[in-house]
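Each chain, written out:
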Amino acid sequence: MPSLKDLKNRITSVKSTQKITKAKQMVAAAKLRRAEERATQARPYTERMEAVLANLSASAKGDPNAPKLLAGTGKSDTHLLIVATADKGLCGGFNSSIVRKAREAIVRLQGEGKTVKIITVGRKGDDMLKRLYGDLIVWKTNFVEIKQVGFEQAHEIAEKVLDMFEAGEFDVATLFYGKFKNVVTQVPTAQQIIPAEAPEGVETPDLGGAIYDYEPEEQEILAALLPRYVAVQIFRALLENVASEQAASMTAMDNATRNAGEMIDKLTLQYNRARQAQITTELIEIIAGAEAL
Amino acid sequence: MADKLHFNLVSPEKEIMSANVDQVDIPGSEGLLGILPKHSPMMTILAPGVVWVKDGGQETRVFVRGGFAEITPAGLTVLAEEAVMVKDLNAEDIAKRIRNCEEDLGDADTSPETRRHAEVEIKHLKELQAAL
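For the record, the sequence lines run as chains A and B. Position 216 of the first sequence, counted from 1, bears residue number 216 in this note's numbering, the numbering being contiguous throughout. Position 36 of the second sequence, counted from 1, bears residue number 329 in this note's numbering, the numbering being contiguous throughout.
So here's chain A without its partners, still in its complex pose:
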């Protein structure tokens, strides 16, 4: 049976924990709003890009001279996994679910006898993967010192990936990130970015019977566009990741706050009982003493 003082100390400590989780929850809610806004703002660019690409790649399909970024290298021996996670914890199962998804892919690919290389984006994913697959990680980056993830960062990652592709260091690249579905659900997602899968279900603009003029040639435009498409996809993944992280963090902190509340109630009850028991004992002592006289 813990003493009154112990109980009191525990209540105070749980109360301060609750204050922290509550503050973190509110911060996450504010950040989530901003992240969602940025994701919405980035949408027009991605959508236009997809439409243009869908249009171009349809005509390049089956062409033996189609750019490698679209057609692939013809092999799938070496896989590059780009695992994007958050830099911070306190967001429930967000990071570990992405890492788990990546790990499943690694196990499967290695089982098929393929070579796997990993790029980690974000500190948490790196921490979790380097224990098991440290020798597979070829490059890592994080945004600890960056306040707001921008296109610049996505561009940097894309450049690295494209350099590696040019050098023939891998055949297939897959991007792992947390897709933001809504505040409650974030889906860990694997998306193949090289060779590019032509986006489907994209509306192509109605040209009213006319055909596009291309300047320069279609092929050249496609070749210039594909590297940018890789960067755009990475950028979108990063934005979604930020939104997902904040949403997951908000939910996790909400749960933590509630748990702390329950704990406080329970402890307070225990504390009051103990206090009353003590008073009763004291009274009995006094009465017994008075009667003995």
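Hints listed in this document are in silico derivations from the structure and should not be mistaken for laboratory results. Heads up, a few of these hints could be off.
Listed below are the simulated DSBU-like cross-link pairs for lysine-lysine, each with C-alpha atoms no more than 35 Å apart in a straight line [stated by the list, open to error]:
id: 1; chain 1: B; residue 1: K416; chain 2: A; residue 2: K160
id: 2; chain 1: A; residue 1: K68; chain 2: B; residue 2: K389
id: 3; chain 1: A; residue 1: K114; chain 2: A; residue 2: K88
id: 4; chain 1: B; residue 1: K380; chain 2: A; residue 2: K31
id: 5; chain 1: A; residue 1: K140; chain 2: B; residue 2: K307
id: 6; chain 1: B; residue 1: K419; chain 2: A; residue 2: K160
id: 7; chain 1: A; residue 1: K31; chain 2: A; residue 2: K75
id: 8; chain 1: A; residue 1: K147; chain 2: A; residue 2: K130
id: 9; chain 1: B; residue 1: K331; chain 2: A; residue 2: K31
id: 10; chain 1: A; residue 1: K68; chain 2: B; residue 2: K307
id: 11; chain 1: A; residue 1: K140; chain 2: B; residue 2: K380
id: 12; chain 1: B; residue 1: K307; chain 2: A; residue 2: K22
id: 13; chain 1: A; residue 1: K19; chain 2: A; residue 2: K179
id: 14; chain 1: A; residue 1: K101; chain 2: B; residue 2: K380
id: 15; chain 1: B; residue 1: K416; chain 2: A; residue 2: K147
id: 16; chain 1: A; residue 1: K179; chain 2: A; residue 2: K140
id: 17; chain 1: B; residue 1: K307; chain 2: A; residue 2: K88
id: 18; chain 1: B; residue 1: K380; chain 2: A; residue 2: K181
id: 19; chain 1: B; residue 1: K307; chain 2: A; residue 2: K117
id: 20; chain 1: A; residue 1: K68; chain 2: A; residue 2: K19
id: 21; chain 1: A; residue 1: K147; chain 2: B; residue 2: K380
Place chain B on chain A using the hints.
Then chain B, alone, in the frame of chain A:
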């Protein structure tokens, strides 16, 4: 009333401009293009340079880099990796940044990576300077 051209300028981070205008001049990779309403559908890569948006005697200049333009009957869409309003550019500031990068290049102990960065930066800044 004369027809207007619907013009959209978007960067990866946000939509920068969306308006109905009289004419837009874009720096196509094969040469400058003046786009008027009802232009035939086309698609082109953009060279780094200035997009001139003309509407009712007013002109807005926007510097764009790394983009392409698509013209459909619905209007003109310019997708640019980077877009800066020319009026927000400052000649002195750019000159200073170019000098900084050149100093970096001059240093003997600069790592190859920084060197490459600086070279790219100088190229970009020079393009900006030319836009002014």
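Structure-based check of each hint:
With a CA separation close to 20 Å, the supplied pair K416 of chain B and K160 of chain A stays within the 35 Å bound. The hinted pair formed by K68 of chain A and K389 of chain B fails the criterion: a straight-line CA distance of about 41 Å is larger than 35 Å. About 32 Å separates the Cα atoms of K114 of chain A and K88 of chain A, which keeps this hinted pair within 35 Å; it holds. The straight-line distance between the Cα atoms of K380 of chain B and K31 of chain A is roughly 31 Å, inside the 35 Å bound, and the hint therefore holds.
Our distance criterion of 35 Å between C-alpha atoms is met by K140 of chain A and K307 of chain B, whose separation comes to about 27 Å. For the suggested pair K419 of chain B and K160 of chain A, the alpha carbons sit about 24 Å apart, so the restraint of at most 35 Å is met. A distance of roughly 42 Å separates the Cα atoms of K31 of chain A and K75 of chain A; the hinted pair therefore is violated under the 35 Å criterion. Distance restraint check for K147 of chain A and K130 of chain A: the Cα-Cα separation of roughly 25 Å lies within the 35 Å cut-off, and the hinted pair is therefore satisfied.
Note on K331 of chain B and K31 of chain A: the hinted pairing is violated, with a Cα-Cα distance of about 43 Å set against a maximum of 35 Å. Note on K68 of chain A and K307 of chain B: the hinted pairing holds, with a Cα-Cα distance of about 30 Å set against a maximum of 35 Å. Straight-line distance between C-alpha atoms of K140 of chain A and K380 of chain B comes to about 38 Å, which puts the hinted pair past the 35 Å bound. Of the pairs offered as hints, the one joining K307 of chain B and K22 of chain A holds, with about 32 Å between alpha carbons and a cut-off of 35 Å not exceeded.
Our distance criterion of 35 Å between C-alpha atoms is met by K19 of chain A and K179 of chain A, whose separation comes to about 30 Å. Note on K101 of chain A and K380 of chain B: the hinted pairing is violated, with a Cα-Cα distance of about 48 Å set against a maximum of 35 Å. Among the hinted pairs, K416 of chain B with K147 of chain A is consistent with the structure: their alpha-carbon atoms are about 27 Å apart, no more than 35 Å. The suggested pairing of K179 of chain A with K140 of chain A holds, with an alpha-carbon distance near 21 Å, which does not exceed 35 Å.
For the hint pairing K307 of chain B with K88 of chain A, the CA-to-CA distance comes to about 26 Å; that is within 35 Å, so the pair holds. Proximity of K380 of chain B to K181 of chain A is assessed by CA-CA distance (about 39 Å); at most 35 Å being required, the pair is judged violated. With a C-alpha separation of about 33 Å, the suggested pairing of K307 of chain B with K117 of chain A holds against the 35 Å cut-off. Taking the CA atoms of K68 of chain A and K19 of chain A, the gap is about 54 Å. The hint is violated against a cut of 35 Å.
Restraint check for K147 of chain A and K380 of chain B: satisfied, since their Cα atoms lie roughly 27 Å apart, inside the 35 Å limit.
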